[in-house]
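Novice: Take each chain as given, in its own frame, and dock them per the hints.
Top line first, the protein sequences correspond to chains A and B. In terms of numbering that gives the first Met the number 0, the first sequence has 299 at position 300, counting the first letter as 1, and numbering is strictly consecutive. In terms of numbering that gives the first Met the number 0, the second sequence has 70 at position 71, counting the first letter as 1, and numbering is strictly consecutive.
The hints are simulated quantities; they were obtained by calculation from the structure and are not laboratory data. Watch out, some of these pointers could steer you wrong.
[To be verified] With a straight-line cut-off of 27 Å between C-alpha atoms, the simulated DSS-like cross-links for lysine-lysine are:
#, chain 1, residue 1, chain 2, residue 2
1, B, Lys-218, B, Lys-293
2, B, Lys-244, B, Lys-145
3, B, Lys-6, B, Lys-349
4, A, Lys-110, B, Lys-43
5, B, Lys-86, B, Lys-293
6, B, Lys-49, A, Lys-110
[To be verified] Simulated coverage check for chain B against chain A, where a stretch passes if three residues somewhere in it have a Cβ under 8 Å from a Cβ of chain A:
#, segment
7, 139–145
8, 158–170
9, 285–298
10, 327–333
[Said to hold, decoys possible] Among chain B residues calculated to face chain A with C-beta under 8 Å, some are:
#, residue
11, Leu-7
12, Ile-150
13, Thr-151
14, Val-342
Predicted model only: the values in this text are computed from it and were never measured. Even for Gly, the Cβ is constructed at its ideal location relative to N, Cα and C.
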Amino acid sequence: MSIQEFLIPLLAAAVIAGTPILYAALGELITERAGVINLGVEGIMLVGAVSGFMAAVTTGSPWIGLLASMVAGGAVALIHAFLTITLRANQVVSGLALTIFGTGLSGYLGKSYIGIPVEKPFSVVPLGPLADIPFIGPILFQQDALVYISYVLVVIIWYYMYHTRPGLNLRALGENPAAMDALGLNVFYLRYIYVVAGGALGGVGGAYLSLAYAPSWLENMTAGRGWIAVALVIFALWNPWRALMGAYLFGGIDALGFRLQVLGIHEISPFFLKMLPYVFTILILVFVVARHKGRLTTPGALGLSYDREER
Amino acid sequence: MNRLKFKLEKRLTPSPVMVFIIPLVSVLLALLLGAIFLALTGEKPLTVYKIMFEDSLGSKYGLTETMVKAIPLMLTSLGVSLAFKMKLWNIGAEGQLYMGAMGATWLPLTFPSLPVYLMLPGMVVLGMIAGGLWALLTAIPRAVWKVNEIITTLMLNYVAILWVDYLVYGPWRDPQGSNFPFTASFVEAARLPGLGNTRLHAGLFFALAIAVILAIVFKYSRWGYSINVIGSSERAARYAGMNIKRNILLVMFLSGAIAGLAGMAEVSGIIGKLQHGISPGYGYTAIIVAWLSKLNPLAILIVSVLFGALQVGGYAVQVVGVPAAVATMLQGAILFFVLGGEVFTNYRVKFSGQKGEKLSK
Numbered sequence: 000m001s002i003q004e005f006l007i008p009l010l011a012a013a014v015i016a017g018t019p020i021l022y023a024a025l026g027e028l029i030t031e032r033a034g035v036i037n038l039g040v041e042g043i044m045l046v047g048a049v050s051g052f053m054a055a056v057t058t059g060s061p062w063i064g065l066l067a068s069m070v071a072g073g074a075v076a077l078i079h080a081f082l083t084i085t086l087r088a089n090q091v092v093s094g095l096a097l098t099i100f101g102t103g104l105s106g107y108l109g110k111s112y113i114g115i116p117v118e119k120p121f122s123v124v125p126l127g128p129l130a131d132i133p134f135i136g137p138i139l140f141q142q143d144a145l146v147y148i149s150y151v152l153v154v155i156i157w158y159y160m161y162h163t164r165p166g167l168n169l170r171a172l173g174e175n176p177a178a179m180d181a182l183g184l185n186v187f188y189l190r191y192i193y194v195v196a197g198g199a200l201g202g203v204g205g206a207y208l209s210l211a212y213a214p215s216w217l218e219n220m221t222a223g224r225g226w227i228a229v230a231l232v233i234f235a236l237w238n239p240w241r242a243l244m245g246a247y248l249f250g251g252i253d254a255l256g257f258r259l260q261v262l263g264i265h266e267i268s269p270f271f272l273k274m275l276p277y278v279f280t281i282l283i284l285v286f287v288v289a290r291h292k293g294r295l296t297t298p299g300a301l302g303l304s305y306d307r308e309e310r
Numbered sequence: 000m001n002r003l004k005f006k007l008e009k010r011l012t013p014s015p016v017m018v019f020i021i022p023l024v025s026v027l028l029a030l031l032l033g034a035i036f037l038a039l040t041g042e043k044p045l046t047v048y049k050i051m052f053e054d055s056l057g058s059k060y061g062l063t064e065t066m067v068k069a070i071p072l073m074l075t076s077l078g079v080s081l082a083f084k085m086k087l088w089n090i091g092a093e094g095q096l097y098m099g100a101m102g103a104t105w106l107p108l109t110f111p112s113l114p115v116y117l118m119l120p121g122m123v124v125l126g127m128i129a130g131g132l133w134a135l136l137t138a139i140p141r142a143v144w145k146v147n148e149i150i151t152t153l154m155l156n157y158v159a160i161l162w163v164d165y166l167v168y169g170p171w172r173d174p175q176g177s178n179f180p181f182t183a184s185f186v187e188a189a190r191l192p193g194l195g196n197t198r199l200h201a202g203l204f205f206a207l208a209i210a211v212i213l214a215i216v217f218k219y220s221r222w223g224y225s226i227n228v229i230g231s232s233e234r235a236a237r238y239a240g241m242n243i244k245r246n247i248l249l250v251m252f253l254s255g256a257i258a259g260l261a262g263m264a265e266v267s268g269i270i271g272k273l274q275h276g277i278s279p280g281y282g283y284t285a286i287i288v289a290w291l292s293k294l295n296p297l298a299i300l301i302v303s304v305l306f307g308a309l310q311v312g313g314y315a316v317q318v319v320g321v322p323a324a325v326a327t328m329l330q331g332a333i334l335f336f337v338l339g340g341e342v343f344t345n346y347r348v349k350f351s352g353q354k355g356e357k358l359s360k
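One chain only, chain B, in its complex shape (with noise of 0.2 Å):
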């Protein structure tokens, strides 16, 4: 008998059909196996897709809520792509998202009466420096002594939502909240604008800018050709001479920073206040986008869309008594079958006994 025999042989340069057409039969294949999934756990996998699309993409207050979900999704994915062009693995988002939204938080508690256009800037700066220094701490090892930042970024991922915590269940607390783990509400002048009537808000467009900014340094600056450089091979890139512990720190600075600002945006535009819990996993979930996204700051945006609305679509089938960690659950898979199908983009495949198999190079 004939036994099916492959083998893989490396393209050159990645397929540019595949670069499109596996991301979008990833998806399809993941709902494929989660409807099996559901089926076999005796759920209805049609009426489940069903509220989870209609609740997240089929009405005006669905959208809304999808792209709310999107913003932090967008920001935190931007963070760690960045991190992942250079090959550092920033799984630390999370724990970022939180430190920024520790940092913004602190500006509006200690100071309610600055003006609206002290405020908001001064809450961004601080959100984003709280975010960055919190990524720089495993930045420092990772550079100096190679210590592994995957472990150190998760780690600190634990220890930013129990600092969080403290805070807001001790010395954050609101006076008048009745022991509820939360601070005092945001004076006005700290909230982001909403847009139009909605939950949307200007956060937004800080993910749309840093986008903007992301596609223009990675495509035409100096330093995101050596960030490339760096990512792709650190030999090369020390034989040309660029700085590559500064990079790490730097980058990863303004990886945390991103995140960071992720945190600023949803205590200001949708809680205003500190709580506890105020990410479902937004740092985690940023680690697929990115993938899926293959590191591209437009593709991002798009694709944390996506995201939002399979997160939103979670939450909606709980009312017919189905866990929401069937989307955790989806998104894994999805990323699954993007992973398995990089094999086509990036070499062919072969059958034995294929015709021409012994011409083909």
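For reference, chain A alone in the conformation it holds in the complex (with noise of 0.2 Å):
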């Protein structure tokens, strides 16, 4: 097998993989930014990726289960807005308990949906001109809809944050949100906006799974997705552009133990190809943090909830 032969599929399959992190750690990412710290992104997607099958089963469209996700995904997350943003509840606790109602929601409610195949998932369409693109056509451009989705969605949130007038307001109402007060923007209204954007995103991600990755439900399906986002966005630094790439490199190592397995690699237990994600979660993530000494370019209100009389 020449070596191209090898890294092509590969490289394809670490997109596939990464683009349910991808939207996962986007919206956490977004969600961050507004200062508020969401660890309900694993429950997030398991909702998402319950109600999108579900709707897709339902109806025979894959989009509206698209649609679906991202309802449910916002719907739950505005639990954790209300509770940390209005009630000013621990970011931390309120979050775990996200994902632990998100895992019981999603194992109720997908209960009876257990094994039917999804009609319709997102199939692969090759993107006309640049699938033919010599080594780089099939790893980006011959995929799903979801996948060429996420692309654009990079970019968007991209040159929204850096280049709009209402992004630098995102970036500041993590930093400063007592600045933002001061000029008359609503500090509530806007997290309540970032957080349920960002649980929409994140029942994208879930959706992906269901729809696309491995059409069909399974309960805990998600496997520490969701948590491997939440560390990514700190690996990402904050930034749109270093999610994409750290999305593709944890998806590359998924993929790599999963081809691994199925090229009969012997030597290596299928059980210590099945924890390289976290394994490397762990390491990367000590890595980044070390080598930025501890001063990483995390918002500066970060985690906490805002009260106007302590300003």
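Specialist: Structure follows, in structure tokens:
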């Protein structure tokens, strides 16, 4: 087997495996940029995965499934927003509650959908002439629609954050909400928007798993990807481009482990190959944080609830 | 039209009444929400709750099962509560439980002929060390570089479960077990004694002992006090000359060790071998139990029984076709309500237009 024959399918698989993490990480990225940490991503993804799947099976359209996953993801994120923004609850614990709640809710709703196939999942659509570019084409442009949308989304979020006025406000919201308040912007309202939007993206990440990656519903099918997405946001230093690269890096590790199993590399136990993404997440997190000596570009007000009277 | 507006006024000290009322009301509200949800999805809420209650608290067998599930919950909750006191978010109790079970299992598999007075204490020590070291893996980067321990402890849960799977599917698999994923059964000396003629076992005394020790440590000892200070203000603790790094390492190790003991108690007291899937998520439920108990060790004992019942009830309702996940959902909902309710403990809620608003401070 030539190196190309090994590498191209591997990198294409890395993009696929990275896409659900990318969506979830972009959602968490804008949430955290607004100053709210949401550790419920895992639960949000599961709820998104199951509701997207249910809607797609019922209506026969993956696009309606996608819409359902966004609504569901946004809705459960709204609980987090209400608890942490309005009631000033502890963001860490609220996020953990959301993960536990989402795990239970998705398991409950999805029980009768286990083992059912989805009629029309998102399938590969070669992107015209781009798909014929040697090497790059088969990796980046022979994918499904959700992968293409994620490319566009990264560009949009990047442009929004660094080249528009509301984007500047978003970044300031997580750095210094009091200053935003003084400028007459409604900190509470804006944070609600970003938490819910972030949840909707987390829902899409889940739907990618149940409607494209492995079109089916399985309890706990996210298998920690929501948490990897949270780690990825730190790795990405809250920058969407770095999130994209990081997601494909994680996707690559995931895909590599899987391909080694398929190739029948029996010297390494499949259990160790399955550990790879988790171990890798820890190592890369330690590496990035240690390299910056703990002084990351973390949004200054991340994790703190905003109280006008404590300005 | 008058819009209903409210504002929150911080209380100087948490309202003592609310500390007790909030958890109770939260559980009731979560059950109510669950009932509405069950009804909406076509189930009969009262029947479901009746089965959950009767099978977990309504019979001798149910009560025993509830207590059996409460033991690992007590231990893992005590473990995480210790870390939470210092605002160390150890959410890796699940993995620490698995590693503790593994550490404890190693002894009877390797030295099956040890006498009971060496075997059981040895398993306790090995289980605690294994769980503690597993937690320490995340404490070191946390102490040195402030690497977020939430993510690392959680990631290690997956690694620990896969590691135990590797062992029970591979090198530790029972040669006579016809390929099932479990180790050989422990010798009698490696089994914790049962209480009476039930599945209840001596692990309960581990939980009681640790709860009492922690309660005393936090109430009377200097060290317990310094943990509290570090938890409420790291800066103040540093000015007071407390060694924060050393305490991070120590507290995480102990936290993991207690969760590891839960794993030891499960394999030695209940299962009698190490196998795939020894915990249905005790380590995650522990987070809720710890928070609901306000990190109070004695409250943890009581709340664990309630959550043990919820767990047993969740299994029971499967008989009538309701997914067991309903129990997990209720757990999450309870925590939501507790969190939401805390606003009443820490703040006074004032509605605008309310009389005397301008006068009150």
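Novice: Compare the structure with the hints numbered earlier in the document and write down the numbers of the violated ones, lowest to highest.
Specialist: Nothing - there is no hint that the structure violates, so all of them hold.
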